[in-house]
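J.: Here are the chains, one letter per residue:
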Amino acid sequence: MHLILFFIFAGFCLAGAVNLLLQSHPITSALSLIVVMTSLAVLYLMLGAEFLAIAQIIVYAGAIMVLFTFVVMLLNAGREARTMGSRVARTVGFPAVVAILAVIATVILQAQGLGAARLSDGLTDVKGQTNLEQLGAVLFTKLLLPFEVTSVLILIAILGAVVLASHEGSVEQGTGNRDQGSERTGEE
Amino acid sequence: MTILQFILWSVLKVAVVTVVFLLAVAYTVLLERKLVGRIQNRWGPTRVGPFGLLQPLVDGAKSFLKEDIIPTGVYRPLYLIAPIIALGCALISIGVVPFGTPEVGPGGYVKHGELNFFQISDINIGLLVILGITSIGVYGIALAGWSSNNKYSLLGALRSSAQLVSYELALGLSLVGVVLRAGSLNLRVIVEQQATQGMLTWNIFGGMQFIAFFIYLTAAYAETNRSPFDLPEAESELTGGYHTEYSSMKFAMFFMAEYANMITVGCVATLLFLGGWTSPFGDLIPSFENVFVDAGLSLFWFVLKVFSFLFLYVWVRGTLPRFRYDQLMNFGWRWLMPLAILNIVATSALLAYR
Chain A
100 MHLILFFIFA
110 GFCLAGAVNL
120 LLQSHPITSA
130 LSLIVVMTSL
140 AVLYLMLGAE
150 FLAIAQIIVY
160 AGAIMVLFTF
170 VVMLLNAGRE
180 ARTMGSRVAR
190 TVGFPAVVAI
200 LAVIATVILQ
210 AQGLGAARLS
220 DGLTDVKGQT
230 NLEQLGAVLF
240 TKLLLPFEVT
250 SVLILIAILG
260 AVVLASHEGS
270 VEQGTGNRDQ
280 GSERTGEE
Chain B
1396 MTILQFILWS
1406 VLKVAVVTVV
1416 FLLAVAYTVL
1426 LERKLVGRIQ
1436 NRWGPTRVGP
1446 FGLLQPLVDG
1456 AKSFLKEDII
1466 PTGVYRPLYL
1476 IAPIIALGCA
1486 LISIGVVPFG
1496 TPEVGPGGYV
1506 KHGELNFFQI
1516 SDINIGLLVI
1526 LGITSIGVYG
1536 IALAGWSSNN
1546 KYSLLGALRS
1556 SAQLVSYELA
1566 LGLSLVGVVL
1576 RAGSLNLRVI
1586 VEQQATQGML
1596 TWNIFGGMQF
1606 IAFFIYLTAA
1616 YAETNRSPFD
1626 LPEAESELTG
1636 GYHTEYSSMK
1646 FAMFFMAEYA
1656 NMITVGCVAT
1666 LLFLGGWTSP
1676 FGDLIPSFEN
1686 VFVDAGLSLF
1696 WFVLKVFSFL
1706 FLYVWVRGTL
1716 PRFRYDQLMN
1726 FGWRWLMPLA
1736 ILNIVATSAL
1746 LAYR
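Chains as they are written, first to last, in our numbering: chain A, 100 to 287; chain B, 1396 to 1749.
What the hints contain is simulated information worked out from the structure, not anything from laboratory work. As the structure is a computational prediction, the values presented were derived from the model and not from experiment. All C-beta atoms in this analysis are idealised placements derived from N, C-alpha and C, irrespective of residue type, glycine included. Check the hints yourself; a few may be wrong.
Stated by the list, open to error - Looking from chain A toward chain B, a few residues come up when the C-beta cut is under 8 Å (computed): (1) 100; (2) 126; (3) 153; (4) 156; (5) 157; (6) 162; (7) 165; (8) 168; (9) 169; (10) 172; (11) 231.
Given these sequences and hints, build the entire structure.
T.: What follows is the structure, given as structure tokens:
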């Protein structure tokens, strides 16, 4: 059962990724990215990481990609012109892709224990504790410092966005601009 | 239980819940028309059937039979898929809602973990699934507006996306207090935690979450694009908003999605703040020790609570005027969000020093 579902959603994921590259319309590409993200969420779910799966959907598919499509809609970006690309890109590009894939594949195959996890293993080892409780315990004890540092980093990004937005808005003195700025930062 | 039995039971439950849910959606429309009629001192629909009770069915038939017009300028694939996304997301999120007591199953009383009648799937992250699927539902509206190639549609879609993204934060934050009290995201656990003393331990009264309840209610009105936050379809400004170019059944799908979302929001509010399927009297009325009576009573309380929410929805619509756009954004960001964060801090402090 796990294996069948894995193949279905891995297939969706790959198809979405390929479609993302092939489509010439920006909004279709953005939608393919959403397909990739939701299929990844299902794969997380099958590994037993239910919180990670739903966080992936809420944060990436539900918030960040909404912003992407929002921008595409606002700019009203049309169909991109398709060019064949330069000759250098074609001659160097394909061997480079093969080389990179080969490097990744060797690293994965050589790493100890990396391929040992099976789909049916799941993450919940401790009896009676959900995924969320384990995650919370780890984040607020062992990994407290990195967690707080990341929060400060995001705070800096928010402040930067507010400063940028308020500079633009100071000419018009409108509240509308500032609102849009804070809306953006809330998303990040 | 074998995997085949599980699949069969799931399919059966999904089919029954979908049919009942769609019927409920249809009759919510009638409820709204009747109530708004009474609020505005007129009768509402009375002609079709006794008291106009057959009106939703006739409306549905009319939507099916209308000509389906696809304007030439639209971006076809997205124009066609947008109503499906909207309605699909609205229907999926009901799958984690427990409608009645989980102790009743095919073999009479069942223990936890066995098959029960009143919930399609009992999962650890039920609350987050509802939030996640609601956030996906934005795409239906956004894509509908964009692909219609119409300025009114696009403006409606932009307003709607901005509104949904803004109020989603306040909505999510207002639920944190409840989750803190229950210590779980599982909807069944949240209800059982409130149900110990009946009405006194409901999150809205005994749990001191009335501020969170107010924030949730306001944000939920905005999330479902309902009055007083119905800017995405403000007919006096945008003709119809994001569904201006839609006709026939495609329009009806957006319409159904809106009312389905209303019901889901009512269900979530019932589960999180009003004790779900449990009786408000707690143990004052002893258990009847009868499977049918228990199942029926739990369903009755649940439906009554959800109904009172729908009533409130319509009442608010009939009473309050529409917000202006900047007022809407100010209210969401400068009032609701800080208030929700304060509520989290206060609830955590209360739980820590109790």
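J.: With reference to the structure, classify each hint as holding or not holding.
T.: Evaluation of the provided hints:
1. Proximity of residue 100/A to chain B holds as hinted, the smallest CB-CB distance being about 7 Å (cut-off 8 Å).
2. Taking 8 Å as the C-beta contact cut-off toward chain B, the hint placing residue 126/A at the interface holds, the least distance being around 7 Å.
3. Using the Cβ-Cβ criterion of 8 Å, the hint placing residue 153/A at the interface with chain B is satisfied: the shortest such distance is roughly 4 Å.
4. The interface hint given for residue 156/A is met, as the beta carbon of that residue sits about 4 Å from the closest beta carbon of chain B, less than 8 Å.
5. Interface hint status for residue 157/A: upheld, as the beta-carbon distance to the closest one in chain B is roughly 5 Å, under 8 Å.
6. Look at residue 162/A: its Cβ gets to within about 7 Å of chain B, closer than 8 Å, so that hint holds up.
7. The interface hint given for residue 165/A is met, as the beta carbon of that residue sits about 5 Å from the closest beta carbon of chain B, less than 8 Å.
8. With 8 Å as the threshold, the beta carbon of residue 168/A comes within range of chain B, its nearest partner Cβ sitting at about 6 Å, so the hint holds.
9. For residue 169/A, the suggested interface contact is upheld, since its CB lies about 6 Å from the closest CB of chain B, less than 8 Å.
10. Contact between residue 172/A and chain B, as hinted, is supported at the beta carbon level, the nearest pair being about 5 Å apart and thus within 8 Å.
11. Hint status for residue 231/A relative to chain B: holds, with the closest Cβ pair at about 6 Å, below 8 Å.
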